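Dock chain Z against the given chain U, drawing on the hints supplied.
Chains U and Z are the protein sequences, given in the same order. Per the working numbering, the first sequence starts with residue 1, numbered consecutively. Per the working numbering, the second sequence starts with residue 1001, numbered consecutively.
Any given hint might turn out to be false.
Unchecked claim - So the derived list for chain Z, only partly shown, Cβ under 8 angstroms to chain U, looks like this:
1. R1089
2. F1101
3. F1103
4. L1122
5. T1126
No wet-lab data here; the hints were simulated from the structure. Keep in mind it's a predicted model, so treat the numbers as computed, not measured. Cβ atoms here follow ideal geometry from the backbone N, Cα and C, with glycine treated the same way.
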Amino acid sequence: MLDRTGAAVLSLLASVGAASVFALRAIGEAFVPPYELRETGRQLYELGLRSAPLIAVSGMAVGVVLSMHTRASLERFGAEAMIPAGLALALVRETGPLTAGLLLSGRIGAGIGAELGAMKVTEQIDALEATAVDAFRYLVVTRVIACVIAVPILTTIMNFTGMLGGFIAESAATGMSFGLYLERSFSLIDLADYVPATVKTMVFGFIIAVTSAYLGFTTESGTEGVGRASTRAVVMSSILIIVANVVLVRLIFFIFPGDAG
Amino acid sequence: MTEAAHPRTQRTEGRPAAPAVRLAGVSKAFGARTVLDDVSFEVPTGCGFVILGRSGTGKSVTLRLIIGLLAPDRGRVFVHGEEVNRLTRAELSRVRRGVGFLFQNAALFDSISVGENVAFPLRRHTKLPDGEIRGIALRKLESVGLGREYDKMPGALSGGMRKRAALARALALDPRLLLVDEPSAGLDPITADEIDELLLNLKRDGGATLIVVTHNIASAKLLGDRLILLHEGRIVAAGTTDELARSGEPLVRAFLESQHAG
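So that you can see chain U by itself, here it is in the shape it has in the complex:
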């Protein structure tokens, strides 16, 4: 029993160590030429642009629901006028980044895990190497860069579509004009709310890409392994995003003490 527990712990530590080396290698190689600009562009399209509809629709739905909840709460205090500003603050500072991160860990994480896993078990990664192409740089670094760029942009899209959803709900409830809604939405927000929270999502993008690429690259056991890699990519990157979010929010409050208020 003790042996088995010890072996499991050692195996876990070995995996964490290997994944950490993998992540550090991705960071190191991202800054060293030659840059795979064409493939990075293709990944920006595949992982970024093609995720935009999911993010936009989800953002709008989140905005509608948040607005309804906020109205239900603020009505009790006669503070309905604060709904647009409260919603915008909630979206920009936390709900947008975290929801986008988790949604993208599902779409992008599963995609990268399955694609690289399938390439691994069908020897396509070896074929890349045999064709004198650095498979790590071509497959991993390009996806990491694409995710680090795309996730903050997608988060911003989610923030705006969330506000749009909030306007739709408010407009239906009170007939508020779009101009007034926008004015009230941005009445309390400044760059210190937007920038740290959005920059935070670059870390989410890095976590999604590195975790799922690592699991894809280390896939074994044929098609069953591909399915497992895909599922684990989503689960692991979601957990890591949630945990990283706690640390990053604490860090933001430490660096920007005014934000805590």
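Just chain Z now, kept in the frame of chain U:
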């Protein structure tokens, strides 16, 4: 069998030319399982070299060591005189550009068309204009009888066609050395013969060095100037087809007879 399996050498300006491939005392294990144990052989330039053996005897591992996809635990691997595992990434890339690798399951990139698979190495490693790259890729596909399949996706091809397309990709950069892993695996006898013929023509007309892993004796006889038989990670026999046929080594006889029976 730990010394050179082929004594033939070529001389250039009084010095013997480096063999296309040389393994010296190579061992490789995965966990507790030893796959190769102190294996040494030389493959002269232009030779058809066949590695025979049952499944799991280290044949494919040998090919992967040659191209640097795996590193040996002990021993040294040379390709055209350069020690593969001491090369920098850029040097290894240069060596790999001179080597074609036909994978057992073709390993075509399934997100791009058949033609783009063949064009891929040319796009990566040459500065040729797009039209010329497409022309070369098309000619390579025509040479394996797939000229009409340029725009098809790999998933739309049969097993034999995929293998031929993979051969065209392996030949895209006109490599001096071609590594072939189980050319007839999973193919019907007629398609397998077609692949063998393509490889034979490549060696005969193109002067390329072939290293072929197989357990098919018919393929081995056709393609092999020299053969080695691997068993439990060691070379148990080496020589020409006739020399192996005359071997008194029980494992060699058992292998050859089981093949004939099959």
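Okay, the hints, checked on the actual structure:
1. R1089: 7 angstroms, holds
2. F1101: 4 angstroms, holds
3. F1103: 5 angstroms, holds
4. L1122: 10 angstroms, violated
5. T1126: 12 angstroms, violated
When held up to the earlier numbered hints, the structure conflicts with 4 and 5 and fits the remainder.
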